[in-house]
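Asks: One-letter residues, chain by chain:
There are 2 protein chains.
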Amino acid sequence: MQTDINHCFDKLCPASIAVIGASSNASEIGWVKRLQNFGYPGKIYPINPKAKVIHGLQAYANICDVPDSIDYAILNIPALSTPQAMRDCAVKGIPFVHCYTAGFSESGTEVGKQLEIELAQIANNNGIRLLGPNCMGIYCPESGMTFSEDFPKEKGRIAFVSQSGAEASRLILLCQDVNLNFSKVISYGNAADLNETDFLEYLAGDTKTDVIGLYVEGIKNGHRFMSAIRRCMERKPVIILKAGLTENGAGAAISHTASFTGSQSVWQAFFRQTGAISVQTIDEAADTVQGLTRLQKLRGKCVALIGRGGGIGVVAVDICERAGLKVPPFSDVTRQQLAQIRPDPGASLRNPVEPKLGMEGAGEFYLCGLPVIDEDTETDVILIQMAVDVYGGHTTDLVQNVSEAAYALCAAADSLKKPVAVALFTGGHTDTVLAAAAARDILTKSGIAVFSGIEAAAKAISKVYYYQSRKME
Amino acid sequence: MQTDINHCFDKLCPASIAVIGASSNASEIGWVKRLQNFGYPGKIYPINPKAKVIHGLQAYANICDVPDSIDYAILNIPALSTPQAMRDCAVKGIPFVHCYTAGFSESGTEVGKQLEIELAQIANNNGIRLLGPNCMGIYCPESGMTFSEDFPKEKGRIAFVSQSGAEASRLILLCQDVNLNFSKVISYGNAADLNETDFLEYLAGDTKTDVIGLYVEGIKNGHRFMSAIRRCMERKPVIILKAGLTENGAGAAISHTASFTGSQSVWQAFFRQTGAISVQTIDEAADTVQGLTRLQKLRGKCVALIGRGGGIGVVAVDICERAGLKVPPFSDVTRQQLAQIRPDPGASLRNPVEPKLGMEGAGEFYLCGLPVIDEDTETDVILIQMAVDVYGGHTTDLVQNVSEAAYALCAAADSLKKPVAVALFTGGHTDTVLAAAAARDILTKSGIAVFSGIEAAAKAISKVYYYQSRKME
Numbered sequence: 001m002q003t004d005i006n007h008c009f010d011k012l013c014p015a016s017i018a019v020i021g022a023s024s025n026a027s028e029i030g031w032v033k034r035l036q037n038f039g040y041p042g043k044i045y046p047i048n049p050k051a052k053v054i055h056g057l058q059a060y061a062n063i064c065d066v067p068d069s070i071d072y073a074i075l076n077i078p079a080l081s082t083p084q085a086m087r088d089c090a091v092k093g094i095p096f097v098h099c100y101t102a103g104f105s106e107s108g109t110e111v112g113k114q115l116e117i118e119l120a121q122i123a124n125n126n127g128i129r130l131l132g133p134n135c136m137g138i139y140c141p142e143s144g145m146t147f148s149e150d151f152p153k154e155k156g157r158i159a160f161v162s163q164s165g166a167e168a169s170r171l172i173l174l175c176q177d178v179n180l181n182f183s184k185v186i187s188y189g190n191a192a193d194l195n196e197t198d199f200l201e202y203l204a205g206d207t208k209t210d211v212i213g214l215y216v217e218g219i220k221n222g223h224r225f226m227s228a229i230r231r232c233m234e235r236k237p238v239i240i241l242k243a244g245l246t247e248n249g250a251g252a253a254i255s256h257t258a259s260f261t262g263s264q265s266v267w268q269a270f271f272r273q274t275g276a277i278s279v280q281t282i283d284e285a286a287d288t289v290q291g292l293t294r295l296q297k298l299r300g301k302c303v304a305l306i307g308r309g310g311g312i313g314v315v316a317v318d319i320c321e322r323a324g325l326k327v328p329p330f331s332d333v334t335r336q337q338l339a340q341i342r343p344d345p346g347a348s349l350r351n352p353v354e355p356k357l358g359m360e361g362a363g364e365f366y367l368c369g370l371p372v373i374d375e376d377t378e379t380d381v382i383l384i385q386m387a388v389d390v391y392g393g394h395t396t397d398l399v400q401n402v403s404e405a406a407y408a409l410c411a412a413a414d415s416l417k418k419p420v421a422v423a424l425f426t427g428g429h430t431d432t433v434l435a436a437a438a439a440r441d442i443l444t445k446s447g448i449a450v451f452s453g454i455e456a457a458a459k460a461i462s463k464v465y466y467y468q469s470r471k472m473e
Numbered sequence: 001m002q003t004d005i006n007h008c009f010d011k012l013c014p015a016s017i018a019v020i021g022a023s024s025n026a027s028e029i030g031w032v033k034r035l036q037n038f039g040y041p042g043k044i045y046p047i048n049p050k051a052k053v054i055h056g057l058q059a060y061a062n063i064c065d066v067p068d069s070i071d072y073a074i075l076n077i078p079a080l081s082t083p084q085a086m087r088d089c090a091v092k093g094i095p096f097v098h099c100y101t102a103g104f105s106e107s108g109t110e111v112g113k114q115l116e117i118e119l120a121q122i123a124n125n126n127g128i129r130l131l132g133p134n135c136m137g138i139y140c141p142e143s144g145m146t147f148s149e150d151f152p153k154e155k156g157r158i159a160f161v162s163q164s165g166a167e168a169s170r171l172i173l174l175c176q177d178v179n180l181n182f183s184k185v186i187s188y189g190n191a192a193d194l195n196e197t198d199f200l201e202y203l204a205g206d207t208k209t210d211v212i213g214l215y216v217e218g219i220k221n222g223h224r225f226m227s228a229i230r231r232c233m234e235r236k237p238v239i240i241l242k243a244g245l246t247e248n249g250a251g252a253a254i255s256h257t258a259s260f261t262g263s264q265s266v267w268q269a270f271f272r273q274t275g276a277i278s279v280q281t282i283d284e285a286a287d288t289v290q291g292l293t294r295l296q297k298l299r300g301k302c303v304a305l306i307g308r309g310g311g312i313g314v315v316a317v318d319i320c321e322r323a324g325l326k327v328p329p330f331s332d333v334t335r336q337q338l339a340q341i342r343p344d345p346g347a348s349l350r351n352p353v354e355p356k357l358g359m360e361g362a363g364e365f366y367l368c369g370l371p372v373i374d375e376d377t378e379t380d381v382i383l384i385q386m387a388v389d390v391y392g393g394h395t396t397d398l399v400q401n402v403s404e405a406a407y408a409l410c411a412a413a414d415s416l417k418k419p420v421a422v423a424l425f426t427g428g429h430t431d432t433v434l435a436a437a438a439a440r441d442i443l444t445k446s447g448i449a450v451f452s453g454i455e456a457a458a459k460a461i462s463k464v465y466y467y468q469s470r471k472m473e
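Top line first, the protein sequences correspond to chains A and B. Be aware that the first sequence starts at 1, since it is given in my numbering, and climbs by one per residue. Be aware that the second sequence starts at 1, since it is given in my numbering, and climbs by one per residue.
These aren't lab readings, by the way, just hints derived from the structure by calculation. Quick caveat, the model's predicted, so the values are computed rather than measured. A hint or two may mislead.
Copies of the same chain look alike in the list, so a pair counts if it works inside one copy or between any two.
To be verified - As a list, the in silico SDA-like pairs of lysine to any residue whose alpha-carbon atoms are at most 20 Å apart:
#: 1; residue 1: K445; residue 2: T293
#: 2; residue 1: K220; residue 2: G108
#: 3; residue 1: K445; residue 2: H429
#: 4; residue 1: K356; residue 2: G30
#: 5; residue 1: K471; residue 2: R235
#: 6; residue 1: K326; residue 2: E247
#: 7; residue 1: K220; residue 2: A269
#: 8; residue 1: K236; residue 2: L416
#: 9; residue 1: K301; residue 2: E247
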């Protein structure tokens, strides 16, 4: 008999967490200190037979010594000790155990494989739901749970389910850079008990989640997985980074999570049939999450490119068209109106269109030019290239100028019918990087999608269009 | 009768430059001020009928009023005035004119087209070589010529020929970030007289250039162009960013430089036949230039991945294999030796291999582990993931720790037989960006190739391998 998964997750605000194998080293940031630093509001019970007090909390030699009831336990002890700890958790009546420890089936050893089977059996026989082994566990800002104290404390509406803790961490930090936050992130490792499908089934009905991301190497039950994805897709988009699809990628996945990765053709068919959105890197996942969150007004694939003409504009058009988008010329009406705003000789008004030089000129153009382009019948999305690098050497206060242009863009975008995305090219100089960071912060806080370049933007827009057009079918 | 192109370029250290249409506005950075700030060592003659002195130099009303001989003139006057200025240059006997002014054939107007024909005729009839119109001209650190005062003053061994001044500028700045410099960069715009092929013919024999890059929208004479590329490729690699190959990209190119862009299939055949290296963005061009410069020891396509295992490692393997590389498992001997250096449970030794956590652990591994991997029979290139972001929150002095790891890597790489490349993942936080910038500077000054991520690194390595393997055929 196992605890119902929805019941478990609705209790993802555990009132108490036991850390079995709490580090007694005061200078080390272990699970106890991490939860404290992050502001976990519930009770924490450090379990360590060699310590009386850990980070100011009373420590217990064994979980069974704790006088109160416990909702959730984290195992941070050597793999060989985990079965006994699980049995102790069963005695104590703990419904949810996260096994952080590695050294199970992913080690490739017979001992590791047997230990993992044993853990799953103990969990199953005692109504415990087991997360892991070999995983980072849960980040849920709403409940104050985390596996890194550096993660944002703000909650959002994105969920991420990941067989890799490192990829989950990277996604969280990439999204933080663009002011996007999470409802919950689950790093689930070897999936001895709870697996990707359990989480997807829960998230399909989770009213606190609008977009679901998944990093997966192998799945446990293809049929059930497909049904879960379909159920999610009826209500919200699912982005999947399927890792280990190349020959040696599959080999690497086996030594990571002992996963069977499946064939290219099976997965291609899966994506075609379900409409789930495929990405190949975690950067692409972050970009797509942002696109799905901030470009919901997208209704077609025609891009108006603003910001750099010349060769950079030509290359940008090529990049967009290669990503499956279109950059058609503006209508005659639009061009005539733009010519009044931008009368300089040599300014391209065809699409792409160049604002005046400098960030001041750009800000002015956003306010006057974007409403004109918003009315263009050939335009579905406005993509703005802010090339901070080229203003690097000529401006006394780059951060201020770029920020002012960003504020002008926020003001202009607010009244547009069509979605606006920004490709922010920064270069590697400290001053341009800082100016770009300031602009990114201003724009994303205002809900404008900001990407690291035209390629990233074009890919994300294309994926949003794919999702929206399938939904409308 | 036209001046010989080699003669022109060997004189690319003009002893004197006239700026026809020099700005008399003291606060504006025009051509005169730009050359002064950059440190051009020759004489500058401002031509402006309304000024006596410009930026401390005597100004002349007309080029013919200058008492000395002049090697090079820059036209910065309205398009309609350029034919008369060209005739004046002819009278004055100036061999080389750069027409910066726009508003010629690229404007799409009949007047513009006729003006361009007229300029070319005057040049041709008077033995003047004309660069442009509608272009930024020449950046040659050795001779102190530039079109931006922000460009590096150090000379290097890369040449770039570009129909786009903006793309040329971006390449120069991207290369500056990784301490790569140029022999000469030529932005040539509409190519009314001198075109891409003239420059390629010159650069094939230029002993100061090892790698040639080309941004081109349209070419003037396919047959001559192909011969020039072949001649270059016999001696040094040529990288080509062919812009305007998509439907609307071609349209954008016409309004940029009035170029006929040609068809996809013709260009595909061209690349196949010549072996010239095709890139699609200027970032890719910069990465490929760096690869060709710093990974010359590459002899095969097998990558040893160092630095992140787990999901990040699996995805990195997929990325490399999708780029046409291989990430085979290390030999048993290598794995046994690595197990002694990296005995922790859970550490992947298969390939990818993880150093110990933290930058200190990384530095230690570079010194002990890389010599082992260098001996691995399955390895052709060592690709190191430095993920600065994941050390962001735990280190008191991130810049110092990351720098120390970078120095350790430089020391280790120095004695290796196989080439080393680094993929530097930074995230968007100011502290990680600064730490990554410090590491990039240390590594690239030591001649190690540094890329912005695994995808960029894998693409560049793949292109270098393509070039090297064709050369060995």
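Asks: Look at each hint and say if it fits the structure.
Replies: Structure-based check of each hint:
no.	hint	result
1	K445 / T293	within (13 Å within a copy, 41 Å between copies)
2	K220 / G108	within (18 Å within a copy, 61 Å between copies)
3	K445 / H429	between (24 Å within a copy, 16 Å between copies)
4	K356 / G30	between (54 Å within a copy, 17 Å between copies)
5	K471 / R235	within (10 Å within a copy, 55 Å between copies)
6	K326 / E247	between (34 Å within a copy, 9 Å between copies)
7	K220 / A269	within (18 Å within a copy, 46 Å between copies)
8	K236 / L416	neither (25 Å within a copy, 51 Å between copies)
9	K301 / E247	between (34 Å within a copy, 15 Å between copies)
Of the numbered hints listed earlier, the single one contradicted by the structure is hint 8.
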